[in-house]
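Student: Turn these sequences into a full structure, and let the hints guide you.
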Amino acid sequence: DTGVSQNPRHKITKRGQNVTFRCDPISEHNRLYWYRQTLGQGPEFLTYFQNEAQLEKSRLLSDRFSAERPKGSFSTLEIQRTEQGDSAMYLCASSLVGELYGYTFGSGTRLTVV
Amino acid sequence: AQSVTQLGSHVSVSEGALVLLRCNYSSSVPPYLFWYVQYPNQGLQLLLKYTSAATLVKGINGFEAEFKKSETSFHLTKPSAHMSDAAEYFCAVIYPGANSKLTFGKGITLSVRP
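Chains as they are written, first to last, in my numbering: chain A, 1 to 114; chain B, 1 to 114.
There could be a bad hint or two in this list.
What the hints assert, rightly or not - Lysine-lysine pairs mimicking DSSO-like chemistry, simulated, CA-CA at most 30 Å apart: (1) B:Lys69 x B:Lys49; (2) B:Lys106 x A:Lys57; (3) A:Lys57 x A:Lys11; (4) B:Lys101 x A:Lys57; (5) B:Lys69 x A:Lys11; (6) A:Lys14 x B:Lys106.
No wet-lab data here; the hints were simulated from the structure.
Tutor: This is the structure in structure tokens:
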């Protein structure tokens, strides 16, 4: 197992364009989390899935953001009509339910909106 | 509101000196506590965790942290800094009933002088 994989590593897009990021969790992990990290700040929770069900969304996740986890495997995070304020590192993590030791982060996708 | 506080944004030490990074949490019920390290353009790597077992927790790379309920603190220490320790360090908590959702502090950048 190679850990949590995120693609792409970097994305530069023009304001107003749509972008989609992908996260492949550790295969046996049934929970998947998305976080956003802006410069000089700690990661902030966006949303999480248990299997294919999206169980919680942060108020940070505006209507322009949508996340899916079809079949409880990989997940995608889409941002529509990107704004400069969306520029950040988007981090994905996975874990097992009830297991506090297996919270593994990916390397992140850095989004720059120009 | 429940939160985690990391005092200061930058700590600079000489190589071989003691490293002390402070973290305080706000909760009447002790949470689960974590320290993560982040190198530039990388994801988060778990250094150590407190999950209500021993109050002195040893982690990777020679780091340790002590949970002090009376002080609501979980400070990170390392007896002797190495150049490779230069990175950003995040304290994080999982509060009871938070669905294993991590709440992060703002982070502290550690610089190590030769």
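Student: Each hint: holds or not?
Tutor: A quick look at each hint next to the structure:
1. B:Lys69 x B:Lys49: holds (15 Å)
2. B:Lys106 x A:Lys57: holds (21 Å)
3. A:Lys57 x A:Lys11: With a Cα-Cα distance of about 23 Å, the restraint between lysine 57 (chain A) and lysine 11 (chain A) holds, given a limit of 30 Å.
4. B:Lys101 x A:Lys57: holds (11 Å)
5. B:Lys69 x A:Lys11: Roughly 43 Å separates the two Cα atoms, so the pair is violated.
6. A:Lys14 x B:Lys106: holds (28 Å)
Consistency with the previously given hints fails for number 5 only.
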